[in-house]
Structures are given as C-alpha cells and as structure tokens.
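**Student:** Taken in sequence, the protein lines are chains C and L. Numbered by our numbering, the letters in the first sequence go through residues 2 to 146 in order. Numbered by our numbering, the letters in the second sequence go through residues 2 to 146 in order.
Errors might be hidden in some of the hints.
No copy is singled out in the list; a pair is fine if it fits within one copy or between any two copies.
[As the list claims (entries may be wrong)] Keeping only pairs whose Cα atoms sit at most 16 Å apart, straight-line, the calculated EDC-like set for lysine to aspartate or glutamate is:
| no. | residue 1 | residue 2 |
| --- | --- | --- |
| 1 | Lys146 | Glu123 |
| 2 | Lys146 | Asp53 |
| 3 | Lys79 | Glu58 |
| 4 | Lys110 | Glu58 |
| 5 | Lys128 | Asp52 |
| 6 | Lys85 | Glu46 |
Note that these hints are calculated values from the structure, not bench results.
The lines below spell out each chain.
There are 2 protein chains.
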Amino acid sequence: MTRDEGVNSILNPHYIVGFVDGEGCFSITFNKNGTNLPEVRLIFEIELREDDRPILERIQETLGCGRIYRLEYARYKKWRPHVKYKVSNFKDISEKVIPFFKRYPLQAKKLESFNKFCRVAEVIKAKEHLTETGIVRIREIRSRK
Amino acid sequence: MTRDEGVNSILNPHYIVGFVDGEGCFSITFNKNGTNLPEVRLIFEIELREDDRPILERIQETLGCGRIYRLEYARYKKWRPHVKYKVSNFKDISEKVIPFFKRYPLQAKKLESFNKFCRVAEVIKAKEHLTETGIVRIREIRSRK
C-alpha cells in the first residue's frame, strides 16, 4: 500500500504537537526598513530533509495554511536538499496556527517560544508594532528568558 | 502553574508518535566480539538538549521503560549538554516499544527504519542472531533501501 492509497492524510492533532515540539520553530523576526521602524513578522516553520516532504504536506493540509519550499544550497556539497513548511501570513498565524496550539498545547520547552509568539501577536493585533513603543515591547518580549 | 502541579505526566500516544517521527532513532547495531559473531542490539533513543529533559521523563513514564543519560562532551566548547533517553533491553524493545509503535504507527519517513527494526527483532526472537546466517540476514535487512 502506498501513501496515496487509503492513508488518511489528515493527522491527529496530538501527533502534530509532538512533531512540532521536536522540529517546529516559532520565530519573531525584524526586517530592517531603511530609517523607518523595522517590520515585525511572526513565522512558524518546520524544516526537514527533502525525503520527508509528505509529512509536511499532511501538516499543511491539517492546519489548512502555509506553503512548502524546497531549499537547495549548492555550495554545501554534502548537504542534501531540505524542504521547509512555512506560515508567515499574519491572518493564518493568528486565526489558524495560534488557536491550534492553544487548543492542543505544546508539552516541551518549545512552549516558551510559542508563548512569546502569542504575546507578540497580541501587540500586532493592536497595531502597536507600528509604533516605537510597540517595537521596544516586542524586542523585550523576544529577549525575555 | 509548574509542571508538577496538575499537568498530567502521561502523554497522549499520538504526541509521542509525532515527537519520535521528528526526534527519535531506531538503530540496529553490531558490537564486535573478538573472533566470535558480533553481538546485535536494537536501540531506541531520543537525544535532546538538556533543558528539554522533562519531556524525555514523560516519554519514559508513558512507555514504561528506558533510561535517561546526561551527555557531556567537554572537548566541544560550544556544545551544550544533552540528554538521551535510551531503550536497549531486548525485552522492553520487544514487549513495550515495538507494540506501542505498531498500535500508533509512525507517519513520516522514520517508519522505514522502524520496520527494519521490527524485522530484526523477529530474527533475534527466533535466536537466529546467534548464527552466521542470522547475522548475514540482519546485515541485509539493515542495508536494504
């Protein structure tokens, strides 16, 4: 039986939580923007070796958002191609990713970075990330231990 | 609320499957044994950074077997201590680890190494790993793509 025949592609949510606790990444990034305020982005991503692409497709389908990219770094000879599942659209982060992991909580240390991620999402929702005070607050949330 | 207050330490089995699909390792090892036949061992393990030790303790408790070791490599300066959860006792592998992942199947590429692991467990159960033919068979299972 191949994966296409009879395997349900929707994953058990607890499976996704376990997988993400191991392999997922919740990051808060700042993009420089000339002399203006930096642009704040929340990114949820999982990077795996390319031969594990099908599981990323199933996570994408289960969460109902995000894109999958192929990563190739020709300069590293021994480096096998990787694939990355990435959600960076704020609406998807806010309405799909965050509610999912609030309903099915992370169990390992990754919960800490998820909690910071959620706090920054609140700042963005309130549009405070467009102000200097908001940027300072986000930097503070990000650097907190 | 700290982890000790009110958090159920037993994990949802699907969580463990997701975590192991990302971070677990099923290996078939040969220990040289002088001029005699090599000793075959099946090892299930998960290695994480030390600050993620609590999740290994919960996996250990949920699976009801295995030990946790602290790994420190003083020669790598930048290397933070790791912890390893390891099951190498054949009875535990055969009666706890394998039945668990047969009941809750791995969903990613790791399923392939788990399937080889199970095939070798059958050879060991039949005591064929104590014969030269058995060792050849195990090597063949292990190297199969």
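**Student:** All hints, please: hold or fail.
**Tutor:** Hints and how they fare:
{"no.": "1", "hint": "Lys146 / Glu123", "verdict": "neither (19 Å within a copy, 48 Å between copies)"}
{"no.": "2", "hint": "Lys146 / Asp53", "verdict": "between (33 Å within a copy, 15 Å between copies)"}
{"no.": "3", "hint": "Lys79 / Glu58", "verdict": "neither (25 Å within a copy, 35 Å between copies)"}
{"no.": "4", "hint": "Lys110 / Glu58", "verdict": "between (25 Å within a copy, 13 Å between copies)"}
{"no.": "5", "hint": "Lys128 / Asp52", "verdict": "neither (40 Å within a copy, 34 Å between copies)"}
{"no.": "6", "hint": "Lys85 / Glu46", "verdict": "within (7 Å within a copy, 25 Å between copies)"}
Checked against the numbered hints given earlier, the structure breaks hints 1, 3, 5 and satisfies all the rest.
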